[in-house]
Structures are given as C-alpha cells and as structure tokens.
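Please put together the full structure from these sequences, using the hints given.
Protein chains: 4
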Amino acid sequence: MLDFRTDLADERAEICKNEIKKGELDGIITENENISDKISVTTVKVLNENGSKLLGKDIGNYITINIENIEVITNEELKQVIDIFSRELIKLINFDGPILVVGLGNEDTTADEIGPKVIKDLEITRHVFRYKPELLPENTKNVCAIAPGVLGTTGMETQEIISAIAKNIKPSGIIVIDALASNNISRLLKTIQISNTGIIPGAGVGNKRKKINFETMGVPVIAIGVPTVVEAATIVADTFDILTEKFDEFSFLKDSSYKEKYDLVKLVLEPSKYNLTVMPKEIDELANNMEEIISSGINRMIIPE
Amino acid sequence: MLDFRTDLADERAEICKNEIKKGELDGIITENENISDKISVTTVKVLNENGSKLLGKDIGNYITINIENIEVITNEELKQVIDIFSRELIKLINFDGPILVVGLGNEDTTADEIGPKVIKDLEITRHVFRYKPELLPENTKNVCAIAPGVLGTTGMETQEIISAIAKNIKPSGIIVIDALASNNISRLLKTIQISNTGIIPGAGVGNKRKKINFETMGVPVIAIGVPTVVEAATIVADTFDILTEKFDEFSFLKDSSYKEKYDLVKLVLEPSKYNLTVMPKEIDELANNMEEIISSGINRMIIPE
Amino acid sequence: MLDFRTDLADERAEICKNEIKKGELDGIITENENISDKISVTTVKVLNENGSKLLGKDIGNYITINIENIEVITNEELKQVIDIFSRELIKLINFDGPILVVGLGNEDTTADEIGPKVIKDLEITRHVFRYKPELLPENTKNVCAIAPGVLGTTGMETQEIISAIAKNIKPSGIIVIDALASNNISRLLKTIQISNTGIIPGAGVGNKRKKINFETMGVPVIAIGVPTVVEAATIVADTFDILTEKFDEFSFLKDSSYKEKYDLVKLVLEPSKYNLTVMPKEIDELANNMEEIISSGINRMIIPE
Amino acid sequence: MLDFRTDLADERAEICKNEIKKGELDGIITENENISDKISVTTVKVLNENGSKLLGKDIGNYITINIENIEVITNEELKQVIDIFSRELIKLINFDGPILVVGLGNEDTTADEIGPKVIKDLEITRHVFRYKPELLPENTKNVCAIAPGVLGTTGMETQEIISAIAKNIKPSGIIVIDALASNNISRLLKTIQISNTGIIPGAGVGNKRKKINFETMGVPVIAIGVPTVVEAATIVADTFDILTEKFDEFSFLKDSSYKEKYDLVKLVLEPSKYNLTVMPKEIDELANNMEEIISSGINRMIIPE
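Protein chains in written order, with the working numbering: chain A, 53 to 357; chain B, 53 to 357; chain C, 53 to 357; chain D, 53 to 357.
It should be emphasised that the hints constitute simulated quantities derived from the structure, not laboratory data. Errors might be hidden in some of the hints.
Which copy? The list can't say, so a pair holds if one copy fits it or any two copies do.
List of simulated lysine-lysine pairs, DSSO-like, C-alpha gap at most 27 Å [stated by the list, open to error]:
| # | residue 1 | residue 2 |
| --- | --- | --- |
| 1 | K325 | K298 |
| 2 | K143 | K90 |
| 3 | K90 | K325 |
| 4 | K311 | K219 |
| 5 | K222 | K298 |
| 6 | K313 | K219 |
| 7 | K172 | K131 |
Source: prediction; values computed, not measured.
Following this line, the structure appears as structure tokens:
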C-alpha cells in the first residue's frame with residue numbers, strides 16, 4: 053500500500069491487522085455486525101495513545117455502516133439503513149442541549165456537496181423553540197445548522213467560522229458532515245462513517261485544514277463522513293502493487309522505497325495540471341441516496357417518532 | 053398610498069415630496085444624474101433626525117442606479133452600468149483594511165437568491181493574502197465572504213451569525229447584499245440601491261429581523277439591495293387608490309381609514325393561505341443580469357484594473 | 053369575474069353554475085368525493101357540444117384532486133394522495149401499449165418547472181424492454197419520456213417536436229404534464245387536474261400555443277396540470293369585483309363593460325414592462341411536493357406493485 | 053498504448069505517427085497553428101479510406117483548439133479563444149439555411165452536462181424568423197435547438213429523437229455538442245474538437261449509441277466536443293506502460309497481449325462495481341469556461357457582429 057491515505061478508520065484497522073503482528077494491536081478493538089445481506093456495521097474503538105498511533109486516528113469510536121448495491125436499494129432497505137444510522141448516531145451523542153450541525157464542503161462541486169445538501173433537508177428547530185415552542189412535539193431536540201462554504205469561496209478557514217458561531221450560540225455539541233477520501237475504490241459511496249473524534253475539513257478532497265474537534269470547539273464534535281472520491285494516485289499505486297505481487301520478475305520492486313513509488317505516480321499523472329480524482333460515473337445518483345439516509349437519520353434524532 | 057412598504061429610499065423621498073409641504077423637507081437632499089438614455093443615478097442624503105423621521109430611513113446616503121430595459125441590455129451598456137455601480141460603491145467605502153461581504157437570503161428561493169449568488173462570483177482574497185500574497189496584484193483589497201442562509205434553514209438570526217464572524221475576523225467594514233421589497237411594480241429588477249446605513253435582513257421578503265449596521269456590528273456596514281418582489285397586497289391597494297381617484301363617485305372613500313383599506317386587502321387575498329408576492333415572469337433571467345452587475349462591480353473594487 | 057382565464061375545468065363549472073340557470077347546464081355533469089378532511093376529488097364530465105360551449109372546454113373528463121395544506125402534509129397523507137392520483141390517472145387510460153410522457157415547460161423558471169422535473173423522476177422502461185426485458189417485473193408498462201423545452205429556448209413549437217417524435221416511436225397514448233394558470237388564488241399549488249382531452253402548451257404561463265390532443269397527435273392524450281400562478285391582472289379584477297359588490301355606491305359599475313375593466317387593469321399594471329404574475333412566496337417547496345405526488349403516481353402506473 | 057480509446061482525432065494522429073512508418077500515412081494530413089503562447093490549433097484531414105482506416109475516424113476534417121491553463125484565463129484571452137473557435141466553426145459550415153443545434157448528454161451529470169448547458173445560452177432565432185423577423189439584425193442565421201436527454205432518462209435512442217425532429221423541421225445542417233472521452237489526461241478540459249463528420253452520442257461517457265451523421269440524418273452534421281473524462285482503466289494501462297518502459301526487467305511484458313493487459317486492468321478496478329472515471333477535481337469550474345467559449349462562439353456565428 054503506497055500510503056495511508058484514507059479517512060476511514062476501518063480501512064486503517066484492516067491495514068493494521070495485515071501489517072502488525074497480533075498481540076501488538078493493543079488499544080484497538082474492532083467489532084462487526086451483519087444486519088442483513090446488504091447492510092453491515094463495523095465499530096473500531098481506539099482506546100489509548102498506542103492504538104491512536106498504530107491507527108493514525110484520534111482516540112474515540114469510529115462506526116462504519118456499509119451498504120451493498122446502494123444504487124438499487126428498495127424503500128424497505130432504505131428505511132432499514134436510516135434506522136441503523138439513526139441508532140448508531142444517537143449512541144455517540146453523550147450530551148444534552150442544543151446541537152449545531154455543520155455541513156462542510158462546496159455545494160457546487162459534485163464530489164464535495166453532501167454536507168451542504170444534508171443541511172438543506174434537516175428539520176431545524178432552534179428558532180421554533182425561541183418563537184413558537186408550542187408547535188414542537190415533545191422530546192424535540194434544539195438544533196441549528198450552517199453550511200459555511202469552503203476556504204476558496206469564503207477566504208476564511210472553516211474552523212474560524214464554526215468556532216466563532218459556536219462561541220456565540222453555545223451549543224452543547226456539534227455534528228459535522230463531510231465528504232471523505234478513501235484509498236479503496238470499493239468503498240466509494242458505499243459507506244457512512246460516524247465518529248466522536250471530530251474532523252479535519254476538506255481532508256477528503258483537498259489540503260489539510262485545521263481540526264474541528266473537542267480541543268478547538270470546547271464541546272463534543274461528532275463527525276459523519278461519506279467517501280466520495282479516491283485520488284488518481286491511488287489507482288496508480290494499486291496497479292504497481294498488483295504488478296509486483298503478480299509477476300515474480302517484479303519481486304525486486306517489493307521493497308522499493310516510498311520515494312520510488314511516489315516518483316512513479318508523479319510520472320503517470322504529471323501530464324495533467326489538475327488534481328485528478330476517481331469517481332463513479334454514477335456519483336450524482338449515488339450521492340443523492342447517501343444524502344437522504346443521513347438527513348433522514350438526523351431528522352429522526354431531532355424529532356423522535 | 054396604503055402604506056410605506058418599500059425599502060427604496062428614493063421611492064420614499066418621492067412619496068414625501070408629494071405629501072409634505074416644501075420647506076418642511078429639512079434634512080433630506082435629493083440629486084439626480086442621467087448617465088444615458090438607459091441609466092440614471094439618484095442620490096438621497098438623509099442629514100439629520102428630522103430627515104430620518106420624515107423618510108422613515110436611518111441617517112446616511114442612499115444611492116439608486118436605475119436601468120431601463122435591463123432584459124435587452126447590450127454588452128457595452130452592461131459594462132457601463134458595472135462602471136457606474138463600482139464608482140458609486142467605492143464612494144461610500146470610507147474605511148481601509150479587510151472587508152467582509154455577506155450574501156443575505158435563501159439561494160433556493162427565486163426571489164431571494166441574489167445575495168448568495170453574488171457571493172459565489174466574487175474574487176475572494178483573504179486566504180491568498182494569508183498563504184500566497186505574491187499572487188495578488190498591487191492594490192488588491194483583502195476580502196472574505198459568507199452566505200449565512202436564512203432563519204428558517206439555520207435556526208439562527210442572520211445578525212447572530214454575522215456578528216459572531218465579525219468579532220472573530222475583525223473586518224474594517226462589512227458589505228451586505230440582499231433582495232428588497234418595493235411598493236412600486238415599476239421598480240422591480242430595474243434598480244440597485246447602495247447605502248451606508250446597514251440593512252434589516254429579510255426586509256424584502258419576510259418578517260423583520262434584527263438590523264445589521266454600525267450599532268450592531270461595530271464597523272461601517274454598506275448595503276446593496278435589488279427590489280425583486282412586490283407584495284400582492286400592494287397591487288390590491290394600488291387598484292383601490294386608482295379607482296377612488298378615477299371615479300368621482302368613489303371620492304367618499306378617499307378618506308377611508310387605514311383599517312378599512314387593510315380589511316379590503318385581506319378580503320381579496322385571504323382565499324390563499326400563502327404569502328402571495330408579485331414577480332415578473334422573467335424574474336430568473338432579469339435577476340441573472342443584476343447578479344452579474346453587482347458581482348462584477350464588487351470585483352472591480354477588490355482588484356482595481 | 054373579469055374573464056374566464058383559468059385552465060381548471062371545475063373552476064369554470066363553478067362559474068357556470070352561478071351564471072347559468074339550472075336546466076340549461078345540459079352536457080355537464082359534476083361529481084364530488086371527499087376522501088378525507090384533507091383530500092377531495094371533483095369530476096367534471098363534458099358530454100356534448102353544448103356542454104363544451106358552456107364550459108369553454110373540450111368534450112371529455114376533467115378530474116381535480118384537491119389537497120388542503122399541502123405544505124404540512126404527513127408521509128401517510130402523501131401516500132394517500134399518491135394512491136388517489138394514481139387511481140384516477142389509470143381510470144382515464146383507455147389504451148394498451150407504449151406510452152410517451154411529455155414534461156412541458158421551462159425547467160429554469162420556477163413557475164414552469166413541474167413538467168421537466170417530473171420527467172426526471174420517472175421509471176423509464178422503453179429501452180429496458182428493448183435491451184434487457186428480463187430485468188422488468190411482470191405487468192410493467194412500456195414508457196419513454198421527453199422534456200422538449202419551450203419555444204423561447206428551442207425555436208420550435210412544442211407541438212412540432214412532440215408530433216415528430218410520436219410519428220417516429222408510435223406510442224399508443226401520450227401523457228403531458230404542465231403548469232397551469234388559475235384565476236383563483238385559492239387554487240394555487242393545491243390542485244392536480246387530470247383530463248383526457250389534451251392540452252395547449254404554455255396556456256398557464258404564456259401565449260397560447262398549438263394544441264396537443266387526439267386530433268393533432270393521432271392517439272389519446274392525457275393531460276396532468278398543476279396551477280402554479282395567477283396573473284397579476286386577476287388580483288386587480290378581483291379587487292374591482294369585491295369593491296363593486298361591497299359598496300352600494302359602486303353598483304353603477306356592476307354593468308361596466310369588459311373594455312372598462314380591462315382599461316382599469318392596464319392602468320394599474322402598466323408601470324411595469326414585465327409580465328407580472330402572483331405566486332406564493334413558498335412556491336419552490338410547494339411545487340416540490342406536487343412534483344413528488346405526480347412522479348410517484350405515474351411510476352405506480354408504470355410498475356404496478 | 054492499451055487501446056485506442058479516444059474521441060480526439062489529433063491524439064489518434066499522434067499515435068499513428070509513432071506507430072506507422074512514414075510514407076504509409078497516405079490519406080492523413082496534419083497542420084499546426086500557434087495562435088499565442090496559450091492557444092494553438094491543430095487540423096487533421098482524413099482524405100480517403102486508407103486514412104480513415106489508419107486513424108479509425110471517418111473521412112472529414114477534425115480541428116482541435118488547445119488552450120493552456122484555461123483555469124486562469126483572462127477576459128482578453130477568452131475573447132481570443134471565442135474568436136478562433138467561431139472562425140474555425142464557420143469554416144466547416146458548408147450549407148446555407150436553417151440549422152438545428154443539438155446538446156447531447158445528461159445535464160444532471162457533471163462530466164456530461166456541457167451539451168445541454170450550451171443549448172441554454174444560445175441565441176435561438178427560428179421562432180423569431182417566423183413571428184417577428186423585423187426584430188432580427190441582417191445576416192442572422194435561422195437556428196433552433198434541443199437537448200434531447202440521454203437513453204437512460206428518455207428510453208429513446210438520441211438518434212431516433214434527432215432524426216424524427218430533423219425530418220419534421222428540415223434543417224439544412226445539424227450541429228451537435230457533446231462531452232468526449234480522451235485517453236490522455238493532459239487533454240482533459242483543455243481542448244475543443246470540431247469536425248464535419250458527425251458523432252456517436254455518449255461515446256465519451258458510456259456505451260456506443262447510433263451515429264448522428266450525414267448518412268443517418270440526410271444533412272451535414274458538424275460535431276463539437278470537449279474531453280471531460282478519462283476512464284480509470286486508462287490510468288491503469290498508462291502505469292503498466294510506463295513501468296515496462298522504465299524497468300528493463302519488465303521488458304518481457306512489452307509484448308504482452310491485449311488480453312493480458314485487459315486482465316490487469318480488470319484486476320485493479322473490479323473491487324468497485326461502478327464505472328470509474330477520472331476527472332479534475334476542478335471540473336465544474338473548467339467546464340463552465342468551456343461552455344462559455346462554445347456558446348459565445350456559436351452565437352457569433354448566429355448573429356454576426
């Protein structure tokens with residue numbers, strides 16, 4: 053594997069398992085639950101600094117919901133996925149009181165629009181609590197939301213904006229939704245990851261930005277992410293790996309340095325000036341299904357039935 | 053005139069002139085400039101409390117740029133309007149240093165989308181100043197921007213959001229862009245108003261919200277507005293007024309109370325539960341032209357040629 | 053009533069009932085069915101030339117489904133409306149074999165986008181029948197669809213385009229979907245009309261175009277319409293009518309000629325060069341609900357459960 | 053090179069030149085023109101059957117306009133590209149009389165939306181010629197247009213729709229606009245190809261559909277295409293090729309069969325069920341620039357200045 057370029061904790065756990073001898077996986081617990089032929093849930097718990105270092109992820113819980121063939125999902129199955137997602141989300145919410153939901157990403161970029169789109173479909177209640185609380189069913193949660201845009205269109209770090217708003221409205225917790233990168237094409241638009249460790253905005257599709265987490269926000273931050281793209285570099289590296297595995301004559305390359313691999317990737321991709329990403333041609337439709345699962349699941353948390 | 057339901061200062065000045073005896077217009081100065089057959093500029097200056105009370109507008113300058121037949125504008129004329137708009141905007145900017153531009157309104161509502169749409173077409177520079185200042189031409193202004201959404205979708209007062217962000221990034225001035233209401237169908241999508249007095253978000257198309265101005269933000273606030281809708285009630289009131297003027301038999305109604313007029317409006321409109329507004333059928337196309345003028349004009353201020 | 057400017061047959065029937073002495077309504081049958089507090093169905097049957105002349109509508113059946121408070125509809129109620137709509141639609145389909153569905157209107161104009169939007173959400177099957185029929189459930193209907201655009205963007209009469217395609221693919225029937233005009237603000241985005249008499253494209257929001265019906269297409273044409281706008285002229289005329297009714301002093305106007313009324317409307321509206329229309333401010337959201345009802349209802353017809 | 057999977061004639065010509073001995077290139081003429089540092093034009097003429105067979109493209113002219121760094125293009129440069137594009141387009145139009153412009157592709161799929169988007173920005177004149185010819189400047193061309201949608205949303209072959217409409221309105225020529233595939237990442241969103249040989253709809257991003265050309269339409273067909281995607285398979289094949297070139301140890305693979313290479317590609321990509329394509333992350337913005345060049349260039353042809 054060329055590098056560890058994935059935001060998915062269960063992918064990293066998988067990689068760890070293969071690379072590290074058993075017994076050394078101290079600090080990482082992995083659980084699997086098969087809900088149906090189509091739906092499964094993986095929970096990765098990073099318990100301590102050792103696990104965090106091994107996995108390259110902060111201490112906390114990472115839940116991934118995996119859905120096979122989401123492009124042909126029935127209404128029944130969709131309802132089931134929403135149930136599971138809502139259940140797992142609520143498990144991670146260990147705070148009462150107002151919630152700020154943040155939709156990260158650029159709504160005008162196909163691979164990056166899931167955050168802002170979810171925000172538009174949420175049942176926002178904070179202003180109703182303030183002006184017409186009698187309209188709200190019992191047990192409704194106090195929720196406000198914002199899609200702050202991205203650095204390139206606002207000129208402000210997302211963290212700056214969210215932190216300013218959080219200071220002002222004082223939520224008891226924050227939920228952020230973002231597109232993620234995967235280093236595994238099989239995960240694209242098939243997985244929802246929920247974690248209680250916060251997020252680095254734009255990790256999925258751009259430069260690393262400042263973290264949005266408990267340290268920077270002062271309240272718990274739950275992150276919901278969906279892998280929408282794989283970098284083109286990943287495909288090149290995969291090809292290299294498969295070749296060296298498949299042909300004995302290439303075994304001499306097995307120990308080639310990171311630098312050598314990186315040079316190869318650069319050689320293949322440099323004719324294009326742009327940031328090349330790999331996406332399913334069907335991304336628009338697949339992303340719509342994901343968006344519906346997440347917004348419906350959060351709405352069920354906001355107004356329990 | 054049934055009521056004073058307009059955000060346009062020059063409309064109000066017009067009304068004042070007709071209703072108030074000359075000499076009493078102390079505190080209001082009005083100037084006109086005809087740029088061409090197609091373009092004219094009106095400046096209304098509210099100098100003191102008396103003028104402010106008479107006009108129902110805060111002390112400050114209100115500039116309106118009027119464009120005839122914007123639906124058939126040539127590229128030459130468009131360029132000229134952008135020049136004029138940019139010139140008038142710069143006149144009102146009496147501060148140096150970073151600027152925060154705010155696009156008010158709901159980008160998914162046709163009559164309310166001009167603010168968020170302008171934001172998307174601006175040349176944002178704040179992050180370039182921070183990370184790659186060498187890329188910027190000399191005299192470039194430091195500008196960041198946000199489209200915060202509306203109360204119904206965020207649950208937060210727009211003023212809360214902007215004030216929080218302004219406290220954090222400390223701009224030397226704020227520019228807000230919003231759709232306005234007019235009480236005059238002839239002004240729809242024909243006029244751009246610029247003022248240095250701030251704005252009440254959503255004044256154009258909904259309930260009154262909290263002001264965004266020097267008092268609440270701590271820095272100068274310049275407002276740019278375009279009238280996109282007239283309330284249906286205005287059309288009813290106009291009909292009533294014209295009838296009572298036109299037919300002597302109706303003269304007895306001339307002195308009918310506000311209450312009586314209001315009852316009539318209610319009678320006509322109450323069969324619909326919804327907030328009825330009057331818009332040109334061509335609104336989408338007309339609004340696009342307005343959006344281009346405003347974004348190009350602001351960009352010329354950001355990066356002078 | 054200033055004129056008969058409505059596409060809704062049940063509105064016209066209502067007007068007829070009030071204006072024409074009983075017994076003379078030969079050729080028009082009206083039936084009502086209350087499904088629930090929220091949903092009702094009205095059927096107007098125009099049986100002969102006399103009825104057609106009286107009503108100003110072609111001979112055939114006109115069904116209107118009325119939904120109260122569609123803006124706060126529950127999922128249960130939405131499902132019920134879809135059931136009713138689907139049931140009534142199937143009643144009117146008296147042909148077997150391939151169906152061509154046509155979404156009329158301009159998808160970039162808020163008041164006119166319902167036709168093209170419905171098309172995008174249909175379960176199209178014609179190409180699957182041709183290339184992979186084994187994928188289709190039993191009893192699936194053979195359906196293809198097109199959103200041809202409007203005269204202003206294509207340069208072609210909609211009738212020309214549809215007729216050319218129909219000649220080529222030879223459907224056994226055509227279903228067209230379009231936005232309608234109403235002369236009654238209470239009907240806006242509250243009603244779906246289904247008829248087996250065809251349609252005049254753009255009747256709702258523009259100039260009269262050539263008919264799409266059995267005569268011009270050679271196969272049965274079923275029309276589905278939703279009133280989305282009222283012309284501003286209607287509001288003016290309504291005000292005039294209510295004033296003359298309410299104030300005895302105005303009784304002299306009761307017999308004013310069409311010309312006089314028309315002059316009044318012109319006087320009120322002429323300050324604007326544009327085609328002024330009245331819409332609910334909430335139109336985008338309301339139209340989305342209508343779009344879902346129609347596309348889901350047609351899909352149920354295509355693939356019966 | 054794994055296969056010949058590109059719609060760009062100049063790419064194919066380049067490949068031919070490298071693979072075929074000089075002198076055998078009978079039937080293919082290639083010309084280059086450098087307009088500026090940023091803009092160049094390549095013309096490939098396929099003169100006879102031999103050239104057609106060698107190049108795998110129909111007999112005719114293929115012009116490619118190449119633009120470096122289109123993401124930072126100035127207004128001056130944009131104007132220049134539009135000039136060049138318009139000039140080259142007019143050169144290929146060897147017919148008088150009405151023109152039908154067809155925007156191929158799916159406007160809701162990022163990589164495939166350029167055709168329908170261009171259509172929306174054209175100056176359509178056919179209906180004005182019919183109803184108000186006095187409004188049109190002298191020398192205006194009679195143009196109508198349609199964006200017919202794709203097989204998956206219409207159920208009809210694009211060729212069926214266009215052929216039916218062409219039979220009905222009888223244009224003297226057809227212009228089609230479509231997204232293309234390239235097998236070279238350096239060409240993505242950098243090139244416009246114009247040819248007088250027609251097009252196979254969806255060649256760029258899906259299955260091969262029926263040709264739209266002189267044979268099937270009965271009138272000349274000019275095709276305008278922009279490469280927007282590379283298939284992920286191309287990246288895998290490129291990696292393989294570069295590896296075998298770079299490492300002597302792999303020379304034994306140089307003669308590996310098509311089957312072996314194909315198996316490798318499949319191995320790398322099969323973990324994803326979807327059709328993986330490679331696009332610049334910046335595709336939305338880049339495609340907007342391309343769309344403006346093409347619509348402005350065609351408009352200049354319609355209404356000469």
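Do the hints match the structure? See the list:
no. : hint         : in the structure
1   : K325 to K298 : between (32 Å within a copy, 22 Å between copies)
2   : K143 to K90  : within (22 Å within a copy, 38 Å between copies)
3   : K90 to K325  : between (40 Å within a copy, 14 Å between copies)
4   : K311 to K219 : neither (44 Å within a copy, 45 Å between copies)
5   : K222 to K298 : neither (56 Å within a copy, 55 Å between copies)
6   : K313 to K219 : neither (45 Å within a copy, 47 Å between copies)
7   : K172 to K131 : both (20 Å within a copy, 23 Å between copies)
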